[in-house]
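Visitor: Chains as they are written, first to last, in this note's numbering: chain A, 1 to 300; chain B, 1 to 300.
For the record, the hints were derived by calculation from the structure and aren't laboratory data. We treat Cβ as the ideally placed atom computed from N, Cα and C, and that holds for glycine. Some hints could be false.
Computed footprint of chain A on chain B; a stretch qualifies when at least three of its residues, placed anywhere within it, have a C-beta under 8 Å from a C-beta of chain A [stated by the list, open to error]: (1) 1-15; (2) 32-43; (3) 66-72; (4) 76-83; (5) 86-100; (6) 104-113.
Number of protein chains: 2
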Amino acid sequence: MLSVTILGNNSAIPAFERHPTSQVLQNNEQSFLIDCGEGTQMQMMRYKIKPSRINNIFISHLHGDHYFGLIGHLTSMGLLGRKNPITLYAPESLQAIIELQLKVADAHLPYPLHFHSLDNEGILYEDKSITVRCFKVYHRIPCWGFLFTEKRNPRRIDIDKVKEYDIPVSFYDSLQGGMDFLTADNRMIENELLTVEGVHAKSYAYCADTIYNEEIAERVKGADVLYHESTYLDDLHERAASRFHCTSREAARIAKKAGVKRLLLGHFSSKYEQLEAFLAEACPIFENTELAIEGTTFLV
Amino acid sequence: MLSVTILGNNSAIPAFERHPTSQVLQNNEQSFLIDCGEGTQMQMMRYKIKPSRINNIFISHLHGDHYFGLIGHLTSMGLLGRKNPITLYAPESLQAIIELQLKVADAHLPYPLHFHSLDNEGILYEDKSITVRCFKVYHRIPCWGFLFTEKRNPRRIDIDKVKEYDIPVSFYDSLQGGMDFLTADNRMIENELLTVEGVHAKSYAYCADTIYNEEIAERVKGADVLYHESTYLDDLHERAASRFHCTSREAARIAKKAGVKRLLLGHFSSKYEQLEAFLAEACPIFENTELAIEGTTFLV
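Isolated chain A, as found in the complex (with noise of 0.2 Å):
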């Protein structure tokens, strides 16, 4: 099961209780960090995640709003006696940041940070659940979209059949696989007599800051829930452009063009105290549009 928590909506400057931006995106094995805004590490206790499930760390960009937390969560890993590696993906930058603070504090993380460069896209980190791949969105300076998709078998085990078959459980990763059947005296049984049809893997495609730029539509293409910037409203969409956010409009273009299930809005600028019109302006164009609210979960 994959779900995210949003931690921070909130763009540039925290606003009307909102904080800057941070996700938590969770499966069953571990938790992954999104960009990490200042207050991040408070964000988290009050909305129970558990820190210590935390092994891998992403960062889009370097604009403070998305990393001046980072800082504050690794070494409060360290006080709190952490022995897990963590690994860090973010721009290059960020590690002589993160080495001159601890040196300045005279500190040594009691844990291992790895720390990997985001220069191209392609796959970041894979284990038997998951995959997360970078690709790039068009920012200011250097900006990286993230996708985590799930693994599943394309094909599930029908138990009734199997126990017909007298299929030797070794055999049952095969099957799933998609494999056929040899019986000891050479009968093939194919695997769909086997197996019914597998779980959808799941996917979840975050792109923080970002001009509006139709190849994202490209890299995030059939996710089951996107995370769309949107930092303004339509009115503004000149400022948006020439500050390369985007508004909710175009949020919902990028989703609709892409195919996704769901949209996700966030990274609101601290203009607005109110929400709402961010979603009127989606749904005509996107209609299963949200708004990342703090605090909430959203099961992908």
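Chain A is fixed; fit chain B onto it per the hints.
Guide: Relative to chain A, chain B alone:
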């Protein structure tokens, strides 16, 4: 009028909804920010502190719980279009950290940020109403205390008397400064006849992270309010010393030795959910002790 508002009172890791260290000292002219842990800009919003009034920021040392919120405050001021300069008094290395963080964001502050490196004890800032001095405290890395002292005229004009003796208004400042008045016919009118004792000039002393050291009592002698760190309770006095921190009893001893009027305890370890025991241990040594509870404003 001098007052201090507590924005954060916890040490190291935020816990129990307590935030890392930050305080704002205010007089009629402006506000002084003292330390700036993560989340300070949000705490200012919560407690209605106007960040625009802060022209001078004092950072005691470069452990993260005392400055990780600074870059967020500085960049937010920039995004809000601030033009007035800010002067930052801090250990030297902080300048490189801020410059690096601005550089990677391709960001430029629209106001002048002056940096004053803390190297020697002495006067940091002075205007017509207040003087700010720094003094050494004794932590694992270089750390500074700050002493804020109001300027008050030692004498105040006695309106009835100056009318009676027909003293020109242009001489009032000299009278407040203690001078006698010489009349046109060469009569000397003594200052004490024309003035009464002035309002007491208040002082506020801030001692962040430090091991117990009686030299500090010399530096803060007679302060109206002393804020002193008090990370642990007495049963952990060895741990306190080994980490260059104090217990509440040690803070009370400094207050007593310095002959201050009032003691505020803060920088509580995240070990402690309840704080009453800090008072219980300090008050038998120094009665006029209070907990630096977040959101509270103390008149100095």
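Visitor: Which numbered hints turn out to be false for this structure?
Guide: none
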